[in-house]
Amino acid sequence: MMKKIKNMSDTNMLLTITIVVFFVMYFAAIAFLGEGFLKPQTFLSILNANAALIITSCGMSIVMITGGIDISVGGVVALVSMCSAVYLDQKGGNVGGAILISLAIGLAFGIIQGYLVAYLDIQPFIVSLAGMFFARGMTTIVNNKPFNVANEAFVKLKDTRVIVPGLGSYNRLGKYIDAYVEIGVVVALLIVVLLFILLRWGKLGRHFYAVGGNQQSALMLGINVRRTKFLSHVLCSLLAGIGGFVYFLHVGSGSPSHAMGMEMNAIASSIIGGTMLTGGVGNIIGTLFGVLSLSTIQNIVSSAGFDEAWWTGITIAAMLCLFLVIQSVVMARKKKALAK
Amino acid sequence: MRKLTGKKWLVFMLLCGALFLIGCGAKEAVSEKEFVEEKEPTKEIVIGFSQLGAESDWRTSNTQSMKETFTSKKGYRLIVEDGQQQQSNQIMAIRKFIQQEVDYIVLAPVTETGWDTVLQEAKDAGIPVIIVDRQVDVSDDSLFTCWVGSDFALEGKKAAEWLHQFALAKDISEQEIHIANIQGTMGASAQIGRTAGLEEGAAKYGWDLLAEISGEYTQAKGKEVMEALLKEEPQINVVYCENDNMAMGAVEAIEASGKEIGSDISKGQIMVMSFDGVTKNIMRYILSNKISFDAGCNPHHGPRVETLIQLLEAGKKPDKFSYVEERIYSHDATVPSLEVDGNSYPVTVVTSKTLEEFQ
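Protein sequences, first through last, are from chains A and B.
In terms of the numbering used here, the first sequence opens at residue 5 and continues consecutively.
In terms of the numbering used here, the second sequence opens at residue 2 and continues consecutively.
Hints were generated in silico from the structure; no laboratory data involved.
Treat each hint with caution, since some may be false.
Claimed, not checked - Residues on chain A that point at chain B, a partial pick, calculated with CB under 10 Å:
#	residue
1	F41
2	V159
3	Y251
4	K339
As the structure is a computational prediction, the values presented were derived from the model and not from experiment.
All C-beta atoms in this analysis are idealised placements derived from N, C-alpha and C, irrespective of residue type, glycine included.
Sequences and hints are given; from them, build the entire structure.
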């Protein structure tokens, strides 16, 4: 019981740091860059653009908490959006069918990768590396050219806006423009809340932490370690499937180059959000703020005039570095405290 | 901080959230006042430029041109967003520009379709959109203010006309011209326009068009295609490359095969013709007659966009579609000027002085 509390306080401390850093960054942006950052819609636009990343990062956090990793999520997102796009545009399908296809693809990847990792004891990195190559390859086989989807029902859903009351602003023509979020954001926030509840109070959620913290003790506590690992991968890939559809809903097109490097952004977001690669520590709310921090810093960097793509890469690297250092300091302190 | 658990941090988070929203609201009110006071004297023109990426020399020159034109000295503020070949990034960039209330949006689109929604948002916000380079395919033409770019079909026609005039001047019969065409990425608008120009010329003047193979705009692929062509079609005496990178590859392949490069076709030399002409390096190739003809494809859209913005600032309506001026480069003055579709175009002979104009 003591250990549990100790672990939780680590998680919470990392989470607090993430949240503080995010707000400091955002206020700094308002103070120094002003203009766009003053408007609530700028913040909502960050959410709109990153809904899919939030969902996939949540999945990533879960496997990382369990002590694994899954680098196939970007590939799954690309495959899902390409399959949905082809199904809607060329096969005359409907939106419901496309959602089912997305879920099925995610589930299939999860079951196969989870089985290989949990029951055949193959390294999760290798399994998901294969999964990534397979998903990228399949995306190109399904269709090798980028194209936009013209399906009416889909476009209508894509352009649906959930108005956020009270946060709109006047544009320079004096017209009041409502602040809005896309449907994907609603889905993403719903998933964040559900997973938060699962990880904090759910039995399975507690098992994820236990297995990631120490497999041997988890085994001795009578937790089915293999099943827990398997489920973490299923959940991650399923979330990648959902994330894929949300991504597709945001961009409205299929392309083999979609979601390039998304898995790396998901890992980075999880780490910034306080999830540790060593497993056992992490929080979904932190992951949400990890994604927000990551995209806010990108926004700031480009608004500050460093417009070349590599600048964002360099800032992300610096941020990751900072958070990894903080994490290792936290771990060192914890070890010291335990030794006493 | 370390013992911040349970309810305490929930309260902390809520506090942060509340502070955040208050911050947004309060600062906005203040800034509005400042905005009104400051706007009149400074009158800075803010331009948001969404570039599709940085994949080629041409593209980076294009971005550079914008940066050099819209400087703070001249009273502009340019915000550049690199789309990294993704339409979703570009759409996000445009939304950001709308949020920041820029005065003009300049868009170099990565694809033709899928711009309707976001361009409508820009129109609703009252921000004029200027499209550069590639075109957009939208249901309603009024969604963008105007377009500036290159006329690829004209470039192709210029190249064909130059070859015809060159053959006349050098007294080479049209049937003796054996051409191979190393094409760009199939379906790209530059590939379509430039291929059309050559095919039209070949049909009109009776040249022997041996082969048309894509070199995908890269040097490595251009070299590979040229190597194969030299083996299969030994009688080649003119190589028509649809961009400079492929031309450089072709030159490498010809040199490696032991054949001579140059414009003296009747003496067994192989002549290379190319497009783009944006770097100093390429001008050196032309100076040394490794490339004998180069139809320039002007990446310097900055000045033209500036003219359009000045017109719009003055309340005038610019032409919906306008082409940038493009030069023609040649190793020698065999053909001093070209006549295409009733217009006359001068040919620039590349000298060491011309080199100084390039970076």
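Check your understanding: Any hints this thing doesn't respect? Which numbers, in order?
Key -> Violated hint (a single one): 4; every other hint is consistent with the structure.
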